[in-house]
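Chemist: So you can see what is in the structure, the chains are spelled out below.
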Amino acid sequence: MIANGAEDEEKWLAAGIAGLQQNAFYMHRALDSNNLRDALKYSAQMLSELRTSKLSPHKYYELYMRAFDELRKLEMFFKEETRRGCSVIDLYELVQHAGNILPRLYLLCTVGSVYIKSKEAPAKDVLKDLVEMCRGIQHPVRGLFLRSYLSQVSRDKLPDIGSEYEGDADTVVDAVEFVLQNFTEMNKLWVRMQYQGPAREKEKREKERSELRDLVGKNLHVLGQIEGVDLDMYKDSVLPRVLEQVVNCKDELAQFYLMDCIIQVFPDEYHLQTLDVLLGACPQLQPSVDIKTVLSQLMERLANYAASSSEVLPEFLQVEAFSKLSNAIGKVIEAQPDMPIMGVVTLYSSLLKFTLHVHPDRLDYADQVLGACVKKLSGKGKIEDNKATKQIVALLSAPLEKYNDIVTALKLSNYPRVMEFLDNATNKVMATVIIQSIMKNRTQISTIDKVEALFELIKGLIKDLDGTFDDEIDEDDFKEEQNSVARLIQMLYNDDLEEMFKIISTVRKHILTGGSKRLIFTVPPLVFSSLKLVRQLQGQEENPFGDEESTTPKKIFQLLNQTIEALSNVPAPELALRLYLQCAEAANDCELEPVAYEFFTQAYILYEEEISDSKAQVTAIHLIIGTLQRMQVFGVENRDTLTHKATGYSAKLLKKPDQCRAVYACSHLFWVCDQENLKDGERVLICLKRALRIANAAQQMSSATRGSTGSVTLFVEILNKYLYFFEKGNAQITSSSIQSLIELITTEMQSDSTTPDPATNAFFASTLRYIQFQKQKGGAVGEKYEPIKA
Amino acid sequence: MNFIVGAFKPPCIVSISFADGRTRKQVPLKKENGHTVMVPLFQSQENIVGEVLIEPIHGKKLEHTGVKIELLGQIELYFDRGNFYDFTSLVRELDVPGELYEKKTYPFEFSTVEMPYESYNGVNVRLRYILKVTISRNYVSNIVEHQDFVVQNYTPLPSINNSIKMEVGIEDCLHIEFEYNKSKYHLKDVILGKIYFLLVRIKIKNMELEIRRRESTGSGPNTYVETETLAKFELMDGGPVRGESIPVRLFLSPYELTPTYRNINNKFSVKYYLNLVLVDEEDRRYFKQQEITVYRLET
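As they're listed, the protein sequences go chains A and B. Each residue of the first sequence is one higher than the last, beginning at 0 in numbering that gives the first Met the number 0. Each residue of the second sequence is one higher than the last, beginning at 0 in numbering that gives the first Met the number 0.
So that you can see chain A by itself, here it is in the shape it has in the complex:
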């Protein structure tokens, strides 16, 4: 029978509809012939179809709607009857002769509607009678539909303010009383529904109940639409009465739905003024009611209300909305010990959003909310629940979104304490969010306190937290995170140099805890940030601070030295080398020779001891040469030492072409254009000649191993160096030496053993063209070039 339940139901519904239609047909005939007696008889029979217990609410509704349509026609007929002289009072009695209660009450409501319209009796009396008589239906589904019908036919006839049914005897109080009573009775029926029938069908019944909830809620909508319900009335009678019913029904489904209804139906202004009462009901609800959604809705609405107009803000202050909400949430959480953490956090998150919108100036409120949240979460450890975690992220993101300024959030002392509860992965996500917020808003973090606070917040990114395993971390994600930290370091800035130094020291302290994986990301921005400071100090007057304690470039360099040293543990020698060179250059600008020398020394040590890859060596040596070339701070001795070393390294590179190129690059170390004491033509020539030799050796080697001499590119490159120094006035470079080099290249290129290379050919050709061009320039330059024949 159960298996065929749905099928049977269809049959019953079909039978019900058929019966209804048949009687409706006879009723129509009676209506057409103005036969009141038959009209009553057949309408009662028609309505008897609604007495069925076999249909689910859904199907019953279908039947009800058909009856409803027919009753509209009957109501029209009754109206005409009264116009024809039949007393409406008699009609009102006549329909009550029906023996079955359900048809009787449907008819009574229908005539009642006509009765009120006739104004032969005060509307309130009729309404009161109807709502009382409907008590006769105690069957939940039938009762709900009957009362829904009553609500439907009466809603335009309530003695509301300004309604035509308002009078001396009829006031809005009566209208409210009527709706409240109907509401109360409907809710009772609705709640009772769950106890009907066998326990095993409970789930199905709850579903059916859920389908019927709007019938109950409609009463609240009607209440909400009664014009005459002003704040006082709402406060004194409507809300207390509704809440009483909600609380007393002790039903989870009803309480949740109805609380939500109250919040949605009545104006925000009323909610604000009755917060005590409304919130007072919350802890009294069943522990299983999803109160967080209800309260969140309320707070969201109130926040929107506050946002709607600045004029309403004083109201919020006047009623102390925040503290009331805050208290209520505390109580609700206490009252519902089983509330999941997610619920707790959601509540606080909503409250935070509320206060951020309503009291953006009261940061202490926001901090209170976070504090309360911490209190409730304390002892729970890291939160594992995914949903709860999400809510915490929402909670923490709210201030960022609102203020668009992390600085404000940093003032919230409880902010990091809330973050503690996040698991490591989420903590990182949150930290990233914070950084992104800073980036997006270009927030400047300018005091040491804020920096400290910020690093506390993002510590998940700065160092390994307990219980994280490397293999859990995705390489790309990690890079992404660390890059954002690097960007963040650049955002920490203060014009006050003293403060800036402190910031740098603080940042350094934090990043050094980060472990080898992070240092390669975090050290460079710190170094550059420091160098920026150095440069600014340099721009200042001589020793602006005057005392020994103050920040000096020297101190910064000491710090930098130690910082870069940290990279040796990583190890990241290539990066460290670059940074040393950068620092050396900065020291050069500050004319701190020993410091610069020290940095170079460090760089050289790294080169010698750590950089073994030949490609890396090539890059490194060129960096060293380039940097060294620009150094002006060194005395002859130091410079000689460093230059000598660099040249030595160059000659020891593995591949001949690399050697050659490094060596001819070294030539620049002996000839710095704008420094008269650094023009050693002799040694330039030695370098270039050595380069030629190496190029030659390279060719021979190539010829020996591959059978062809390879390209003459190196020669062309050296030729270009020759031309450079020639032009710069190095007396050691003569036109004849250039001439012979050109000839050498030409010969080589024509040789069979040379591998033809279009690029080299083009290079050489354009070099020659350059010479030609310089010749044609005439003047001093032209003269100089004159002897060279290309």
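Calculated from the structure, these hints are not laboratory results. The C-beta atom is built at its ideal place from N, Cα and C for all residues, glycine as well. Warning: the hint list may mix true and false statements.
To be verified - Short, incomplete list of chain A residues facing chain B, as computed with Cβ under 7 Å:
hint : residue
1    : G98
2    : L101
3    : M132
4    : R134
5    : I136
6    : Q137
Claimed, not checked - Below are the EDC-like pairs computed for lysine to aspartate or glutamate, each with C-alpha atoms no more than 20 Å apart in a straight line:
hint : chain 1 : residue 1 : chain 2 : residue 2
7    : B       : K193      : A       : E131
8    : B       : K187      : A       : E92
9    : A       : K788      : A       : E747
10   : B       : K231      : A       : E92
11   : A       : K40       : B       : E255
12   : A       : K401      : A       : D360
Given chain A, work out where chain B should sit, using these hints.
Modeler: Relative to the frame of chain A, chain B by itself:
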């Protein structure tokens, strides 16, 4: 043929008419043959005035030994059919013995007639009032003509009319308290009341209020009691919970009630009861019966 027909035909037409026949209220009366006729309505202490018209057929001479009119109040018990107990019997002589040649009217009058009982047509008993005209004749049967009329007596508003209030129940199962606003109702009255559910441990399907008539006839070992349910009025659909109160509003006018007759000439009585019936989901019935007094109120 004509002669023979004429021989069986009554030799005259007798008709009884009331002086205020045109204005007097007529009520329907169900005759023994099932037909309903309209008859005049009287109450006790009224004067019954009218005339009897006797019209001999085509001038035939009607010889009689006297003409009289009787007013009879009779009780007929169906188990003793044919025997009438006359509780009222009044006679007026209309004519001395003689002969009638043409139609003649005889006025009659019964003044302030005592008619204490109402006309009643029950299951086992009938109480009726008739005017009976008898033309007595020698050797041949008397000519008799009847005219029914109905008597209804009004009762003044009872000075004491308490409500009926009672708590009933089955221990630990069902406790209800019911209240009907009065114990005495007139025929067009409406019963108002409330049923309070104090304890409900059974699954009630519905509740109805019945109006029952108990007609008791005879006496001693020959007592016959007939109970009819005149009304079945559903008060409640579905099961209530503790604390519910269900309104009662039952209009009596649609039902064919008579007043309560306590003891009509020691022959019969008619009493009315309200029967509150609760039906549970297993169709078990729980009921409580309460007598009410029905009376006729002057309208």
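Chemist: Taking the hints in turn, state whether each one holds.
Modeler: Now for the hints, and whether the structure bears them out:
1. For the restraint placing G98 (chain A) at the interface with chain B, the shortest Cβ-Cβ distance is roughly 6 Å, inside the 7 Å limit, so the hint holds.
2. A cut of 7 Å between beta carbons decides the hint on L101 (chain A): the least distance to chain B is about 5 Å, and the hint holds.
3. With a least beta-carbon distance of about 6 Å to chain B, the hint placing M132 (chain A) at the interface is held under the 7 Å criterion.
4. Given the 7 Å rule on beta carbons, the hint for R134 (chain A) holds: about 6 Å separates it from the nearest Cβ of chain B.
5. Annotation: interface hint on I136 (chain A) holds; nearest CB of chain B at approximately 5 Å, less than 7 Å.
6. At a threshold of 7 Å, the smallest CB-CB gap from Q137 (chain A) to chain B is about 4 Å, leaving the interface hint in force.
7. Taken as a hint, the K193 (chain B) and E131 (chain A) pair is honoured in the structure, with Cα atoms around 11 Å apart against an allowance of 20 Å.
8. Annotation: proposed proximity of K187 (chain B) to E92 (chain A) holds, straight-line Cα distance about 12 Å (limit 20 Å).
9. Distance hint between K788 (chain A) and E747 (chain A) is fulfilled; the C-alpha atoms sit about 17 Å from each other, no more than 20 Å.
10. Of the pairs offered as hints, the one joining K231 (chain B) and E92 (chain A) holds, with about 17 Å between alpha carbons and a cut-off of 20 Å not exceeded.
11. Only pairs whose Cα atoms come within 20 Å are accepted, and K40 (chain A) paired with E255 (chain B) is accepted, the gap being roughly 19 Å.
12. This hinted pair checks out: K401 (chain A) and D360 (chain A) have alpha carbons roughly 11 Å apart, not beyond 20 Å.
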